[in-house]
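There are 2 protein chains.
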Amino acid sequence: MNKRLLLLSNSTNPGELYLGWPAKHIKDFLGEKIKKVLFIPYAGVTITLDDYFHAVSTQFEALGYKMDSAHNMANPQKVLSEYDAITVGGGNTFQLIRLLEDKGLIPAIQNAVLNGMPYIGWSAGSNIASPTIKTTNDMPIVEPASFNAFNFIPFQINPHYTEATLPNHGGESRDVRINEFVTVNQSTNVVCLPEGSLLRYENEQIFFIGKGPCKVFRYAQPIKTFKDGDDLSWLLDEGSQIS
Amino acid sequence: MNKRLLLLSNSTNPGELYLGWPAKHIKDFLGEKIKKVLFIPYAGVTITLDDYFHAVSTQFEALGYKMDSAHNMANPQKVLSEYDAITVGGGNTFQLIRLLEDKGLIPAIQNAVLNGMPYIGWSAGSNIASPTIKTTNDMPIVEPASFNAFNFIPFQINPHYTEATLPNHGGESRDVRINEFVTVNQSTNVVCLPEGSLLRYENEQIFFIGKGPCKVFRYAQPIKTFKDGDDLSWLLDEGSQIS
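Residue numbers (numbering that gives the first Met the number 0), protein chains in the order written: chain X, 0 to 242; chain Y, 0 to 242.
Everything labelled a hint here was simulated from the structure, so no lab data went into it.
Please note that a few of the clues may not be correct.
Derived contacts from chain Y toward chain X, CB cut-off under 8 Å, selection only [to be verified]:
(1) T45
(2) I46
(3) K133
(4) T134
(5) T135
(6) P139
(7) V141
(8) E142
(9) A163
(10) L165
(11) H168
(12) R176
(13) E179
(14) T182
(15) Y218
(16) Q220
What follows is a set of in silico ranges between Cβ atoms, one per label pair, in the way DEER data are often shown [what the hints assert, rightly or not]:
(17) X:Y17 / Y:A73: 52 to 58 Å
(18) Y:L165 / X:N202: 33 to 39 Å
(19) X:M72 / Y:V78: 52 to 58 Å
Chain X stretches covered by chain Y per the calculated footprint, using a threshold of three residues with CB under 8 Å from any CB of chain Y [said to hold, decoys possible]:
(20) 8 to 18
(21) 139 to 147
(22) 174 to 187
(23) 201 to 213
The beta-carbon is built from N, C-alpha and C at its ideal position, and this holds for glycine as well.
Use the sequences and the hints to build the structure in full.
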């Protein structure tokens, strides 16, 4: 009903302090009424979850929010309702969804967010706001029970989007990969978020904010391109893929 | 017993004709006795399977081999034994394993190869010779029933391996991704094949051939580096990850 999402492409641009560019967007999104934020660090693989939580909570506390981490709780789903907002960090999407499954957190977080708890994600944390994890850029290092994700939005996000390719390398470009996705998933749009950009969803509207262009891939349709401040609410309509 | 594998990183180097650099290796591996080769085109997504088969069979026929494609057969597993070798092309690894599962081909091909049918793969086709598809570079555009693959070798292959990264882009490098894999799969080695290189397995021995270096990632161990002609048979020993 009153779903509120802030879906960031990435945590940090080159040369910035950690969570640099998102800070003002996080503050604007959470505002002054929010006090306690629950952090989900499970996407972290080559960093300890303690270190990950320390890095993130330092920035959130500087913005005026108290933060706890799910990895320090025996049953995070039982205390979810004590928090005012939830934040899911990046890392490996497969590891993230696998641990959310194992801990029974997917329905609990879905329920909280559908009932109005503000949700912030970046990278893997934005990916899983989509219906599935099928547009992640990550290596499938662990096997989840399912590719199904939170399904807060009716389209897929591709974070860290770039058109750039490595010279003299035959691996698929990002555009080739996303074209593969829409070829086998013809009714699902893909919204590409370049680094330094985000989607903000509230009041049943969705806006693209930040460094563009934001490209939308649709099966057998020309790519649509959007810029800072553009309204993408049309993506929320059923059948938007043939608009 | 008499397993024979030719596992190529990629089909074609920049500026070459299709299947350019592998041609001499394929001819040397298949030799003169092989007549009929079965092609598995299922990794193809944005190319029609007819077009894919045409491109590959043109090259194999130029080398003196007759080729048929599984996508033109109602029950390819029933006629597998009529062929002298099997070739699995690249594309999307998730699509490939999903279609092999759907057509019941995984046990049939495993059985044929374990009984001596020579196997050639490139890119996704080399990936699936590993125990799982967990070191693919591909986007998970479809959900397979399982990440389990042919398991012809006791380690993972990473094809199209490169150390290069995109400037000013925060996405994970290949090395970061493979380090994530060995962090959560500590007993499994990863053999990285740069483009223009391959592994050749026969007589219970395995050699690295082509443009190096070939890097082997092992959990909590220094990366080992190999060059053209090096013997990697030590990877076939149980417990090789702690050698």
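To see whether the hints hold, each was checked on the structure:
no., hint, verdict
1, T45, "6 Å, holds"
2, I46, "10 Å, violated"
3, K133, "5 Å, holds"
4, T134, "7 Å, holds"
5, T135, "7 Å, holds"
6, P139, "5 Å, holds"
7, V141, "6 Å, holds"
8, E142, "4 Å, holds"
9, A163, "5 Å, holds"
10, L165, "5 Å, holds"
11, H168, "6 Å, holds"
12, R176, "4 Å, holds"
13, E179, "4 Å, holds"
14, T182, "5 Å, holds"
15, Y218, "11 Å, violated"
16, Q220, "15 Å, violated"
17, X:Y17 / Y:A73: 52 to 58 Å, "57 Å, holds"
18, Y:L165 / X:N202: 33 to 39 Å, "36 Å, holds"
19, X:M72 / Y:V78: 52 to 58 Å, "56 Å, holds"
20, 8 to 18, "holds (count 5)"
21, 139 to 147, "holds (count 6)"
22, 174 to 187, "holds (count 9)"
23, 201 to 213, "violated (count 0)"
Hint violations for this structure: numbers 2, 15, 16 and 23, all remaining hints satisfied.
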